Each structure stands twice: as C-alpha cells, then as structure tokens.
Amino acid sequence: MGMTISQKILAAHTDKDFVEAGELINCKLDVVLGNDITAPIAISEFHKLELNKVFDKESIVLVPDHFVPNKDIKSAEQCKTMRDFVKQYGIKNYFEVGQMGIEHCLLPEQGLVGPGDLIIGADSHTCTYGALGAFATGVGSTDMGAAMATGEAWFKVPESIKFIYYGKIPQWVSGKDFILHAIGDIGGDGARYMSMEFTGEAISRLSMDSRFSLCNMAIEAGGKNGIIAVDEVTLDYIKGRLKRPYQIHYSDPDAVYAQTIEYNVAEMEPLVAFPHLPENTRPVSQAAGVLIDQVVIGSCTNGRLEDLAIAASILKGNKVHSELRVIILPGTQAIYLEALRRGYIEIFIEAGAVVSTPTCGPCLGGYMGILAKGEKALATTNRNFVGRMGDPTSEVYLCNPAVAAASALKGQITPPWEMVLK
Amino acid sequence: MKFTGKVHKFGNNIDTDVIIPARYLNSSDPAELALHCLEDLDKEFAQKVKPGDIIVAEKNFGCGSSREHAPIAIMAAGVSCVIAHSFARIFYRNSINTGLPIFESAAASEALKNGDEIEVELETGLIKNIKTGAQYKATAFPGFMQDIISQGGLINYVKNRG
Numbered sequence: 026m027g028m029t030i031s032q033k034i035l036a037a038h039t040d041k042d043f044v045e046a047g048e049l050i051n052c053k054l055d056v057v058l059g060n061d062i063t064a065p066i067a068i069s070e071f072h073k074l075e076l077n078k079v080f081d082k083e084s085i086v087l088v089p090d091h092f093v094p095n096k097d098i099k100s101a102e103q104c105k106t107m108r109d110f111v112k113q114y115g116i117k118n119y120f121e122v123g124q125m126g127i128e129h130c131l132l133p134e135q136g137l138v139g140p141g142d143l144i145i146g147a148d149s150h151t152c153t154y155g156a157l158g159a160f161a162t163g164v165g166s167t168d169m170g171a172a173m174a175t176g177e178a179w180f181k182v183p184e185s186i187k188f189i190y191y192g193k194i195p196q197w198v199s200g201k202d203f204i205l206h207a208i209g210d211i212g213g214d215g216a217r218y219m220s221m222e223f224t225g226e227a228i229s230r231l232s233m234d235s236r237f238s239l240c241n242m243a244i245e246a247g248g249k250n251g252i253i254a255v256d257e258v259t260l261d262y263i264k265g266r267l268k269r270p271y272q273i274h275y276s277d278p279d280a281v282y283a284q285t286i287e288y289n290v291a292e293m294e295p296l297v298a299f300p301h302l303p304e305n306t307r308p309v310s311q312a313a314g315v316l317i318d319q320v321v322i323g324s325c326t327n328g329r330l331e332d333l334a335i336a337a338s339i340l341k342g343n344k345v346h347s348e349l350r351v352i353i354l355p356g357t358q359a360i361y362l363e364a365l366r367r368g369y370i371e372i373f374i375e376a377g378a379v380v381s382t383p384t385c386g387p388c389l390g391g392y393m394g395i396l397a398k399g400e401k402a403l404a405t406t407n408r409n410f411v412g413r414m415g416d417p418t419s420e421v422y423l424c425n426p427a428v429a430a431a432s433a434l435k436g437q438i439t440p441p442w443e444m445v446l447k
Numbered sequence: 492m493k494f495t496g497k498v499h500k501f502g503n504n505i506d507t508d509v510i511i512p513a514r515y516l517n518s519s520d521p522a523e524l525a526l527h528c529l530e531d532l533d534k535e536f537a538q539k540v541k542p543g544d545i546i547v548a549e550k551n552f553g554c555g556s557s558r559e560h561a562p563i564a565i566m567a568a569g570v571s572c573v574i575a576h577s578f579a580r581i582f583y584r585n586s587i588n589t590g591l592p593i594f595e596s597a598a599a600s601e602a603l604k605n606g607d608e609i610e611v612e613l614e615t616g617l618i619k620n621i622k623t624g625a626q627y628k629a630t631a632f633p634g635f636m637q638d639i640i641s642q643g644g645l646i647n648y649v650k651n652r653g
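Just so you know, the sequences run in chain order A and B. At position 227 of the first sequence the residue is numbered 252 (my numbering), and the sequence of numbers has no breaks. At position 115 of the second sequence the residue is numbered 606 (my numbering), and the sequence of numbers has no breaks.
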C-alpha cells in the first residue's frame, strides 16, 4: 500500500519510512507560526516550561496582523507581549507594522515556507501553505507554545479525500470557486480530521494565487490540511523566494483514499456562500438581487495581486454604488506597492472604495469595517458565521473578487458578466 | 472524577466565533472571556450557567478559528465538560491541550435535552441522565491523549517528558 503526499511529508518528519492513517506520531517541525491574537497565550504557555531558549530562532515566525496597527489599548498590549518575546529570545522572523502583511499572504511571499515543509500555525488558515506542496495545519496556542520549545508536535496521520478538477476554467471562476464547490458538496465537516488533496489538469492551469485561495479554505470543510503537489507553477513561484533546501513529494499511485470526488470545472459558475455557513453555496446567478451594505475585498483567502487585478479590471472607470461602502485590503506591503505601481489603487480610490493597510481586520469582525444590526456584507473572506463581521444579526455572503467587484457597482449581488458587458 | 450539572443544549456547527466573538480577542483573561461566552447565540448564557453545568451539542462543535480563547471561555464560564456528536479538529486538540474535558457521543447528543440533569464520569466516559437513568458511553480517547489529559494538558506533558 502506498502513501499519500500528506502521509509522506509526515513520515519524512519522523524516523519512520512509512506511516498509515490513524497512527499517532511525533514529528519535527520546519515552521511554527503565531499572530497577535494567538501568540500571547502561546508565549504564556511557553514560559510555564521555564526554559531560557526556543528550539530554533529562525523557524519561529511571528506576525502581528489581526488587530494592527493596534486597534485599541488591549490590542497594543498583546502586540507588545509579542514584541518583547521577540527581543528576549532573538526571534528572527518577526514582521513589524510597516513590513507585516496578513500572515498567510506574507509567509509564502517571503519564502519562509516551501515544498515538503511541515508547518503548524496558531491560526486555522495555516492550511494555505499546502498550495506549495507542504503539510501545513492550524493548531491552538498551547500547541504553538510547546512547539516553540521543542520544535515538535504530535499528529494523527490523516486519511485523504482526493479532489480531481478537470476541464476548461470558465472566465470569472477562480480557485475560490473550486473550494466553495467542494465545501458545498461535502459540508463543513465533510473532511473533518482529513487531508484534502487537490489534483487534476485544471489545478495545473491554476495560478499560484488561486491555489493559495483554494488551500486556504480546506479548514472550512473541516480539513486538517489542503495540499497541491509541486509543479512548474510552484517552482516558478518559489524561485528567488525560498532560500533553503526543500523536498518534493508526490502521492504514490497505489495510495489509498477515503473518497475521490471529480469536478468538470467547465460546468462551474462562481458561487456565493449564504449566511451562516460556508457550505451554504449557490451559483451567483441564483444569488443575484441580494441588497448589500458593504463589500470587502481582501483577507488571507483573496488579498493577493491576482485578486486585486480582477477587482481593478471591473471597477476601472466606474463608481461603486452610492448606497454601499467598499473596503479593499491588500494582503501585504509588497502586494500593496505592486498594486500601486500597476495603477489599481488609483482605480479603487477613483471608484469610491477605501484601501486599507494589510490587516485581518473586518474578516473576523475585529475592526476596519464592522457591520451594524441587520447589515449585509459581500466579502471575499472565508467565514460567514453568525456575528463574524459585527452585530450578531448582520450577515456575510462569501464570493470571489470578480463577483465582489461587480456587486459593488450594482449595490446587490450580481454575476460579473452582467456588469462587464454593459 | 465525576461531573454533575444541568445540560445546555446547542445544535450543529457551533463555531468558535459564537463561542467567543473576535471582538473580545484583545484579551486572553479567562474571567473576561467568560462574560461573553456564547453571547451571540444566547445573550444570557454567561448569567444562566452554573458551575458544573454541561454543554451538549450536535455535530462539528468548535469549528472555525483556532482560537484557544474558546475552550478557555467555556471553562472559565463554569462549564465542567462538553459532550457532542462530533468535535472539529482544532477545538478537539485545544481541549485536550488545555484540560477542558470533552466527550464524543452521538447517542447522548441526540437524547439529552436542555435542562436535563446529568452526570459524566471522566475516566470511563459514562454519561448518565440522573432522572431517567438512561446511560450513554462516550468514545474513549487513545492512550497517548489520555496521558496528556491525565497530566493536566500538553505543557505538563512536555515538562514531565523532560
């Protein structure tokens, strides 16, 4: 019996040649990540171990991104806890305001994660890095705290579901729609404790930015990780970024899968996930007409250059609808700068959108775009739970950046083709 | 060890955003988090819950964000343990690591109702409805996880391992 790519990466981080689904193993980690919400608890747990050093100063990555620039005094204290820890233990990979970005946009961009890596992050969307052929999974603060000390974590070797995408990718359909289709089909716990392996010729034609969006939302199906094997697109992306050796793994031809699901993407339409679960998906043509108060384009799911480019192509020369506000959040400073150079930022501002410094902000209802009672937002983010973006009676609809931008012009959920033809 | 308390019943997909909304994540103080536990689903929950009470939920409890503030808020609110049909992965892990006792039982999740008085035995996972005498058995933890739980969480486990 062969191993899946996920099993191979896990095995490569133990002293075993073979691991099988269900087995409990202890693994060495390549990267341990935390942010300004989760790291303070991890740091206090780390201190309980009464050690005077971390396992490796280079392999710990700390990014203040949820509530920075500090939204209030308490957030400022949390960031200070992190900053003090960085100084005390000589952590190399800390990204201060001005250099920071949304962690899951930033780490790949900075070449801190790469193929074959085993990564844990005290943030559920750590699964994003699977797009680079890594095994990356979200954990809590205590796991992070212990891992900063030991460089290790325990895992239950997961079974895998294989998703095969084939066919020509229609205009307006992106990686976000690939994953929303999967979540809609298997549900929010359909891949609970499992790996989601994304393959097929349509994946090989998917851009790196779209692959990140796809793997990012594996957690919304309950997945332990989402993963795409390395190909030319991956190698092009890591070239010049990743400065250390890496390992490429592929699933064995005789690897065993719990389930295989196939999609002909040629039949796909962009989806909208209705409140209050990402699994409540409908084709955008069947979602049209929902009046919205706010549009958010950004987040670790869709805050990359490709996302901003699509939004700019639709917003160019147009004005956003007078009865809504549009908030655009580039994922990192580098993305922001490149968007500026390409003229996207000017397009956004002239269209009547606001452009924010990189932050998770409104996605989790932190700040920078909180919803009042009963308000509705259409967002390129990843969760639409009760109260996720503000008041518990507010609603969040999830979609790709093209749908968000087109809907921003019309003031209601709209298929992009309707706005662009006019 | 036995937990005895009143059931607070919840449905499917109780996510960590409703367990503790992100607007309160600028603090990790358990007492403060407890005040807002589950408030977006039930504004009165923090006032209603008595020490020892038990949350019983359906499928995928604790889905969403990795925030450890969720099990912390539940424990600090006075809840002694959580029973569900199933738990989301990160919440499951966080509960073991932080010492919030959790029990997986589809039968208990289906049968128990809001207000039922129940007792739960930590070691055996035996759940009992005090009034009707009905009993349910929770899925046992693998030995490795039992070690973490019995040593009071992951940090102690790592410490003891040396």
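Fair warning: there could be bad hints in the mix.
[Claimed, not checked] Here are the simulated lysine to any residue pairs, SDA-like style, with alpha carbons at most 20 Å apart:
{"hint": "1", "chain 1": "A", "residue 1": "K73", "chain 2": "B", "residue 2": "N651"}
{"hint": "2", "chain 1": "A", "residue 1": "K181", "chain 2": "B", "residue 2": "I640"}
{"hint": "3", "chain 1": "B", "residue 1": "K604", "chain 2": "B", "residue 2": "D533"}
{"hint": "4", "chain 1": "A", "residue 1": "K398", "chain 2": "A", "residue 2": "I352"}
{"hint": "5", "chain 1": "A", "residue 1": "K181", "chain 2": "B", "residue 2": "G634"}
{"hint": "6", "chain 1": "B", "residue 1": "K650", "chain 2": "A", "residue 2": "K398"}
{"hint": "7", "chain 1": "B", "residue 1": "K534", "chain 2": "A", "residue 2": "A36"}
{"hint": "8", "chain 1": "A", "residue 1": "K181", "chain 2": "A", "residue 2": "K73"}
If you are wondering where the hints come from, they were derived from the structure by calculation, not from laboratory data. As the structure is a prediction and not an experimental result, all values here were calculated from the model.
Structure-based check of each hint:
no. : hint            : in the structure
1   : A:K73 - B:N651  : 12 Å, holds
2   : A:K181 - B:I640 : 16 Å, holds
3   : B:K604 - B:D533 : 16 Å, holds
4   : A:K398 - A:I352 : 19 Å, holds
5   : A:K181 - B:G634 : 13 Å, holds
6   : B:K650 - A:K398 : 47 Å, violated
7   : B:K534 - A:A36  : 46 Å, violated
8   : A:K181 - A:K73  : 26 Å, violated
The structure fails hints 6, 7 and 8 (numbered hints given earlier, in ascending order).
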